[in-house]
Structures are given as C-alpha cells and as structure tokens.
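Q: Now for the letters of each chain:
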Amino acid sequence: MIKLVKKINWMTLLVPVISVILGLLCGAVIMLVIGYNPILAYQSIVESIFLQPYYTGETIRAMIPLVLAGLAVAFAFRTGLFNIGVEGQLMAGWLASVACAIVFGHLPRVILLPLSVLAGGAAGALWGYIPGLLKAKFKVHEVISTIMMNYIALYTTAYIIKNFLYTEGERTPTIPAAASLASPFLANLTQGSRLHWGFIVAIIAVVAMWFILWKTTKGYELRAVGFSPDASQYAGMNVSRNIILSLTISGIFAGLGGAMEGLGTYQYMTINSTFTGIGFNGIAVALLGLNTPIGVVLSGALFAGLQTGGLTMQSNAGVPVELIQIIIALIIFFVGSGYVIKWAMGRLTRKGHK
Amino acid sequence: MGDGPSNEKGAQIMSLFEVLTIIVPSTLLTAAPLIFTSLGGVFTERSGVVNIGLEGLMGVGAFTAAVSTLGLEHAGLGDASPWIAILFAAIAGGIFALIHAVVSITFRADQTVSGVALNFLAAGLTIFLVKMIYEGKGQTPYITHNIDKINIPLLSKIPVIGPIFFQQVTYTSYLAIFVSILVWYIIFKTPFGLRLRSVGEHPAAADTLGINVIRMRYIGVVLSGVFGGIGGAVYLVTITSNYNVSTIAGQGFLALAALVFGKWHPIGAMGASLFFGFAQALSITSQQIPYLDRLPSVIMLTAPYVLTLIVLTGFVGRAEAPKADGVPYIKGQR
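One line per chain: the protein sequences are A and B, in this order. With my numbering, letter number 334 in the first sequence gets 316, and the count goes up by one each step, no holes. Remember, my numbering sits 882 above the position in the second sequence when you count from 1.
For reference, chain B alone in the conformation it holds in the complex (with noise of 0.2 Å):
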C-alpha cells in the first residue's frame, strides 16, 4: 500500500498526457477554418472595408466544396476530390465577395447593410439551391472522401511531441498555420501589403501618392472571399461532410471575433483563432477530462465572446482597428 500515491502521481501524470492528445489535434481540427476566414477578414478590414458578410461567405464556401467533392468523387477523382473542391470554393466565395465589392465600395451602400444582406442572401441562395440540386431536399447527400484525421510521416514518431501535435490531425490545420505565416509577410513586408494597409489606414493620402484605392479595397474584399471560401470549404471536408441550413452557424462571426481578438493582425488572428479552436474543443471534450467537467460547458462556450468584449475594452492591451476601416471613400471629399 505504500507505493499508492506515487502510482497517484503516475496515473495522473498520464492523464495529462492523454487530456494534451485529446484537446491539442481537437483545437487544429476546430481552428483551422476559422483561421482561414479570419485571415480573409484581415485582408478586407486592413483595406479599410468592414465585412460582417465572413458568415455568409463560410456558407457559400462549404456549399460549394460539399457540391464539387460530391460531382469530383462521381467523376471518380477519389482522394483529390476535397482539395479540388476548396479551390472551387475559393473561387466561389472570391466571385460572391464581388457583390459586397460593388454594392459597399461602388455604391457606397453602407458596409455593414452591406455585409447583412450578403449574409442572407448566402443563407438563402445555397439552401435554394441545394433543394434544385438535389431534388426538394434540404441538404446535400454525406461526402466520402474527407480530408481525414491522419499521423503525419515521421514527425508523429517524434516521442511526447508526436502524439500530442502529429497524430490524428488533419493536414489542412498545418496548411491554415503556413498560410498566416505568408499572409503576415505579404501584409507587413511587400509593397501590395504596404498599399493595401495605407488605403484602409488613411485612403486619400494614398490616392495622392498615386494608389488606386478603389481597387485596392476591390481586391481585399474579394480576397476576405477567397479565404471565407477556403474557411467554409475545410469545415465542410473536415469536421461536417454535408451541407444544410445549421453547417456554417455562427463560424463566420466567430472567425470575425477572432480577427479583432487579434487585433487586425494575421499571426494574431491565426492565434486568436487557435485559441477559439481550444475553447471550443474543450467544450466539447471537457466531459471526458477530469476536474473540467465540473465546470458549465456554457463557460467554454461563450468565452470567446467575452474575452474579445474584454480585449475591446481595452483592459488586455488596446486593441485598435484601422484608421479608415468602414469609411467609404469618396474622392475629393475631406
């Protein structure tokens, strides 16, 4: 009986252990849309165009990719069909981006308005058109080739690092973490980046040293579309494998929370993203972790929220927008 509590000691030890590889491959899962669609949201508000439409631009993207792996695995495509159809889904949310483009910059319409009606119009538009795919249903039939959960070659042999970081993870997590590294150095260390942030910071001192500040602001819209699509298309392969009315409910908004959480910032997003991913995974799991799953799942569940509120206030480091995010720009007008 003496060596009980060092036997303690040992279990415990282990459960760490298994919580880590528990929760760590559940939070990639989880973050990895929300980091693409939050980059998306960087690109469009550094050009100075609010774009509360991510949650629309999520649904097109997920309906599109749940289409297209659907039509690619029939023309007998197999494993390739999920990554073909996140380009299409690109594609998709680039084109449907266009419209807030047009209606908030060259219209002026206001951008929120804006962003509101293309959150609609994406709700109504895929389901609509699901139900014309698919003969009145309301969903799409399931996917079969997901970009699944696998142990990366070499790196999941890794002791302790492996299992906890490199197994049962999808690739498109380790894509999502890439891509914010490159969005980071195209934003802050290439001249487009340099153009792109001066149009959302002050636009007619831009238009003055001759940039083309509508279609700056035309290409960071359609890029938040590009990336939405992708953020809608990797949920849709990875996590729900179909598409219906609740499949994007309420990511796009939360990829919009991660974007301010991180201040505008891509490496900030992409942390503030993973962060959520935590959050939501332990909401999730938190029933099979000990001490955790005394705590309401309704705490993890609206923590992001509440912490983005208490980061806005200003409380953990201020966190400011651009100078010009949300102004229409109208030249000649001061």
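Here chain A stands alone, though its shape is the one from the complex (with noise of 0.2 Å):
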C-alpha cells in the first residue's frame, strides 16, 4: 500500500518534469530547423539568469506577479473552478492599489502602503466575487463569464485612468514614495534592477494558500466541492457559498499581484490597450505547478527565468524572444495531455517488468 502511494505520487510529479523536458527539447527542434544554435540559446538563458545579477533580480521581480497569478488560478482549481479572469482581476487591483496610494497619499507610510496593497486585494476580491456569485446563484459557466469580465476590467481601468488619473504618457501619475515597495537596497544589490518587497507579500500569499486549503476547515469544503460538489451538498456543505469564497479568494490573490505590478515594479498604471498576459501566465503557472502552492513556486521561477533569460538568448543567440512563449505553449499542451504521458510511462515501465 504505501509503495503504491509511492508509486502515485512519483508519477504525477513526473508529468511537469517531462513536459517541461519536451517542451525545451520541442523549442531546441525548431531553433534547430530554422538554423539557430540551440545550445547556445539556453545556455545564454541560464547563464544570465544565474550569473549575472541584475537578470536574478528580473527573474525574482517577474516570479512576484507570476506567482501571485498561478496561486489565484490553483486556489480556484481546487475548488473544480477554472479562473481565466486573472488577467481582468489583477488589473483591477493594480489601478485601485495605484488610485489609492495616490488619493491618500498625505497618509504616514505604515498605514498607506498596507491599505494601497490591500485595495489591490480588495478589488481583485470583487472581480472574483461577481463571477461566483453569478455562479452560484444563476449556474454562470465562470469560464465564460470570467472572460467577460476580463475585458470589462481592461475598457474601465483604461477609461477611469484617462478621465480620473491621467498624465502625461497615457498613464497615471507616479505613486508618492510613501506606497512604494521598491527598495534601493535590493535594487543595488542586483546592479539596478526592479526587484522589490513584494517577494515578502509572495511568501506570505503561498503559506496563505497552503494554511487556507490544508490547515483550516473551510479549505477542507473548498477542497471537498472541488472533488465532488454533489457529495458535498448531501454532506451538508453550502456549494454556492464556497464557490463565491473560492473565486473571491482566488480574486484576491490576482488582485495582490496586480498591487505589486503598481506599488512595486512600475509605480503607476499604464492605459493598457490589450492585456499584460500575467495573468494567462498564471494559468501555466498553476497546471504546471500541479497547483500546489510550492508547485507554482517552482514553475513560476521556470517561466519567469525563461522569460528573462529570453531577452539575452534574443541578443546572444540571435533567437526572437517569442520561441519562448512557443515553448510555454507546448509545456502548456504536454502538461493537459498528462493521460498520455501517464499511459505511455507505464507503458514502458510495464514492459521493464515483463
């Protein structure tokens, strides 16, 4: 019995781990057709990301978001709910943690910086809470309506920055000192780069997610309506309520990383006219990831040093930085077909025995 939880357990991680391996190795095939040097490519990704600081310093400052946008999409994972409205949540709560921190700008420091990270928080909270409540109480496909709300976050955000906010730059004006997360400190000790405090508000979002789902006993409901809502309900669960909690929650999470685009890497918001794309990331992140909480550590750090690392291969190597969103893509495709991977491993280890 145990060596078959073993067994289990080696095999799911096995999924991402070859996923991961093919996904590179498809990216490598193409470089190679086309007539790029493949091994210099990743080699120039790993070399930058490891050696050179200010490219650790990008990788860590592009995980924050990323990690933040893949605990939104697990969290409502767990709970059998797919959120494609990352992307529109951390919008939300990048221009509310923005707006805030600059109404209140006049406030002291200790109390302005946590009430504009929680106003990102709180609207990301809200942009979630309308999908599960249409969920809920009207059987609302959050697929579906999720996206929906994606898009009116990206027209209202650009519309109240450009009525409400604006300055020059089609953007809002720079948040005031008082709500910024960056840190000269972390900057000079990654020769200039953006890295800043909101790896603190990562952490303490990952050991939220786990304590939540793990250590208490609404996350074990979350969790009991995700593997089966019917049985949940006879249990004598509130499905409705712990779908508006998960994509509330879920929303939250989106709604931090969003903060931390604002408070910490840019100190404003942009009109944005298409999307950032984190939040898409976010679900990668989080299939990857098997959406576990130190799952989507280690998978955001994947894509956040591919995605730094990609800037140098372009310049080194000469390969145009999208082969990199090419192999997310393709991780992406082997991650989903895992049933095939799992059916063709024990295929192989099948016939090892025989």
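Incorrect hints may appear among the rest.
Unchecked claim - Across the chosen pairs, the derived CB separations fall in these ranges: (1) A:S255 x B:Y1016: 18 to 26 Å; (2) B:G1196 x A:L171: 51 to 59 Å; (3) A:F167 x B:I1212: 16 to 24 Å; (4) B:I973 x A:T199: 30 to 38 Å; (5) A:T199 x B:K1071: 39 to 47 Å; (6) B:G1196 x A:G87: 41 to 49 Å; (7) A:W(-8) x B:N1124: 48 to 56 Å; (8) B:V1209 x A:E29: 22 to 30 Å; (9) B:F1070 x A:I21: 55 to 63 Å; (10) B:D1175 x A:R91: 37 to 45 Å; (11) B:I977 x A:Q25: 50 to 58 Å; (12) B:N1124 x A:T156: 29 to 37 Å; (13) A:I21 x B:K1071: 56 to 64 Å.
Claimed, not checked - With a cut-off of at most 27 Å between alpha-carbon atoms, the simulated DSS-like pairs for lysine-lysine come out as follows: (14) A:K119 x B:K1213; (15) B:K1145 x A:K119; (16) B:K1145 x B:K1205.
Calculated from the structure, these hints are not laboratory results. By construction, the Cβ of each residue, glycine as well, lies at the ideal position given by its N, Cα and C atoms.
Fit the two chains together into the complex; they arrive one by one in their own frames, and the hints show the way.
A: If you want it as structure tokens, here you go:
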C-alpha cells in the first residue's frame, strides 16, 4: 500500500518534469530547423539568470506577480473552478492600489502602504466575487463570465485612468514614495534591477494558500466541493457559498499580483489597450505546478526565468523572444495531455517488468 | 423666423439619415469577422468541444492572410490576392485547430487548458514567423490590395435603403450573413448537422446509434479552425491591412461572447455579432453623433460583455450550452 502511494506521487511529479523537458526539446528542434544554435540559446538563458545579478533580480521580480497569478488560478482549481479572469482581477487590483496610493498620498507610510496593498486585493476580490455569484446563483459558467469580466476590466480601467488619474504618457501619475515597494537596497544588490519588497507579499500568499486549503475546515470544504460538489452538498456543505468564497479568494491573490506591479515594479499604471499576459501565464504556472503552492513557486520560477532569460537569448543567440512563448504553450499542451504521458510511462514500466 | 422650428426638424431628420449611413456600414464591417469566427464556435461547441482558442485561430488566419496576400500581390494576382488569401487562411486555421482536436479529443486534455495553450501558441508562433520572414521586424508590411468598401451595383441606387445598407460596404459582410444562413441549414436541416448536435448533447447515445463520436468532434473542431481562420483573414484584409502583435486583440473572445449571446445558434451568433459590431461602431463613431457624444465610450466598449453576462443569468431568456459541451467522451464510461 505504501509502495503504491509512493509510486503514484512519483508518477504525478513525472508529468510536469517530462512536459518541461519535451517543451524545451521541441524549442531546440525549432531552433535547429531554422538554423539557430539551441545550445547557445539555452546557455545564454541559464548564464544570465544565474551569473548576472541584474537578470537574477529581474527574474525574481517577474516571479512575484506570476506566482500570485498562479496561486489565484490554482486556488480556484482546487474548488473545481477555472478562473480565466485572473487577467482582469489583476488589472482591477493594479488600478485600485495605485489609485489608493495617490488619493491617500498624505497618509504616513505605515498606513498607506498596507492600505494600498489591501485595496489591490479588495478590487481583485470584487472582480472574482461577481463571477462567483453568477456561478452560484445563476449557474453561469465561470470560464465565460471571467473572460467577459477581463474585458470589462480592460476597458473600465483605461476609462478611469483617462478621465480621473491621467498624466502625460498615457498613464497615471507616479505613486508617492510612501506607498512604494521599490527598494534602492534590493536594486543595488542586483545591479539596478527592479526587484522590490513585493516578494515578501508573494511568500505570505504562498503560505496563506497552503494554510487555508490544508489547515482549516473551510479549506477542507473548498477542496471537497472541488472533488465532488454533489457529495459535498449531501454532506451538508453550502456549495454555492464555497464557490463564491473560492473565486473571491482567488481574486484576492490576483488583485495582489496587480498591486505588486503598481506599487513595486512600475509605480504607476498605463492605459492598457491589450492584456498584460500575466494572468494567462498564471494558468500555465498553476497547471505546471499541479495546483500546489510549492509547485506554483517552482513553475513560476521556471517561466519567469525563461521570460527574463529570453531577452538575453534574443541578443546573444539571435533567437526571437517569441520562441519562449511557443515553448510555454507546448509545455501547457504536454501537461494537459498528462493522461497520455502517464499511459506511455505505464506502458514502458510494464514492459520493463516483463 | 417663423419657419425656424420646421427647418430644425428637417435638419434632425437629415442627421438621423446621415447617422445611419455612418453606423450601418461600420457595423457590417466590424461584424463580418465576428460572424465567421462565432460560426466556427457554433460548430465546435455543438459537437461538444469548448474552444477558447478562437482568438488564436483568428490570429493564425490574420497572419496567413497577411503573408499570402503579400506573396500573391508580388506574384501579380492583383485584386484577387486577398480573396485567395482568405482561402489559405481557412486551410491554415483548420490545420492549426487540429492541434486542439488531437490534444483535447484524443489525448483527453482539459478543453479549456488546450484552448488557452492554443492562444499562446498562435500568438508566439505568428510573431516568431513574422520575424523570420521579414528579417526581424515585428510586423508585416501593409498589403496594397485590400477588400475595399464599395457601392454595390444596382442595390446601392435604391433610395433610402441603398445609401444605408449598400454603400461603402464590403462584400465580405454580406458573404458572412449568407454563410450563417448556410450554417443554420447545415446544422439543423441535414443528417450531418443532426449527428453533430447529437454528439454534443449525448455522445453515448449517438455512439450506440453508430455515429463516430470522435470523428464528428474532429470535424467540429477543424471547422471552427476554418471559420476562425476566415474570420481573422477578413479582419485583416478589410480592416487592419497588416499583421502585428496587437492585430487580433480580443476579437476571438468577442466572437466567443457572440456565440454564447446567440445561444449557440448560427443565426443567433450572427445577430449577436451584428449587435457587437454595432456597439463597436457606436463607440468609434459616437463622437460625430449628436446626443451620443455625451455618453462615455466605455459604456459602448463594455456593453457586449456586460450584456452577455446578463443573458447568461437568464433574465432575458436562458442560454443553454449543448449538454455534453466540454466533456471528453470516453467509450464505455457512464
């Protein structure tokens, strides 16, 4: 029995690892076919991330919103919900945090900074609550409703910035220093990268997800609803309320991700005509991380590293940075096709026994 | 001075007519790509496969249309280039959708996950290829032979109706409306359509009756690629004229919304697309129109999405997806 459990865990871990390897291999094949040097390309990614402090800093910086977006997707997944609306929740959180920082700019740092971070979380929560409510009360599928909410967020944030918080350069004014997460210390440490204190928020969020889902009764209920809504209903759990709660908490994570961009990386928000992409990347992060907090951190690190290193790959090996996006897409396809990978591995191991 | 009021009234009637001659052609123009793409959505979702990847399929279509129009122009095909390019885009879209079919039907991956990956792949791959083909530039050159807005012969001469509906329009808009009636006929009046719908509603029952569920779903998904490709191509050759990162920014998701708003029905999807096209046309032209210029454009921009949400809540007649939409079919499993 113990052996069986161990084998299953090993197998589930195998799918993401094999997917990443296959994804990178496919990327290498594409490069070979076109006439690039894949070894030089991957080497430049690895070297820049691990040997150049600037790129290390930028990788960790990119990880912060990516991990939070990944947590948002993973948390909803655990309740059996597919939150494609992270993108919109993130934008809502981004704008709310920046707006709060600007409007209450006169407050001291001890109050203003936490308040702005919370404002971001609250806006994300609201943007998650609405699809949750629609799902619980009217059985509106969350995939459709969250996509709609994304576009409502995209146009609404642009409208609010344009009419109420506009400054030159198609963006909001820069937030006051009292609300900023940026740190000259961290920037110096990493040779001028935009690394900021937001990583602490990300770490707290990772622990919070683990704690809520696996250490509280409510978390047990949320996971139970994810496993089987009917059984949970029969056991006396309020499925509707858990659906709303799950998407709201998911929205908080996403909103915090936006706040990190607003208060940390950029210190303002631009008028976006298209999405940031962080929310959609969060889906990839959550899937590859098997919807576990630690997995989200690891896959967040991988994708952040690939994206940051992709820039040096472009300059050193001449490979367009879009290749990274292709590799990430392939990895999602492979992880999604986990059934086939498991089946193939099962076949191989069975042959080995005979 | 006594005839002041009647003059004013005359001016208002004139302006309403003028407003219509601006808005209706603009609506038809923006709706055409949405109609094609949402019809693709009808095929795939009626067969029981959710396709979030419509956005990516439009991207592939638009990219293919840009590259092949440029190539065909170079080969000297002139005005025929964009039309042939639309055909190429349909083929490219169909092939690209095959990835979604293999991964979500044969490999039984979550259909939403596969669709998301499809969008990623399309965005990355098309720009990657643009950089390969056009020496590192992030966008294609502009095509010189668009499908232009024209006055349709004879019909445009009809008083009142002519200037509103048949002047400054593209043939693709009317082709789109015609095709949606054709799709309605195929889905609701032919044996093939019945089989497609049965596979989306109750695959096990369809299988018992000898319908090849897997094959029907493959056809549904590939057709969504064909139509999505056409949609993207039409968007390119009638509206944007070149392909870059932001060419297809949300059009596919808007088509998905139209599909839902149209309650998974071809004519409904067409109507919804026209309505969304109308909302977009209003948001662009409202500055020129009296009274509307005071309304914030954000209301027009978000209207399609807000209305889709309202329709889904069931206040305006319930929208029901096909029963087995999004559920992989595994033989022998209840």
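Q: Let me make sure I understand: some of the numbered hints might not hold for this structure. Which ones are they, in numerical order?
A: Hints 3, 4, 5, 8, 11, 14 contradicted; others consistent.
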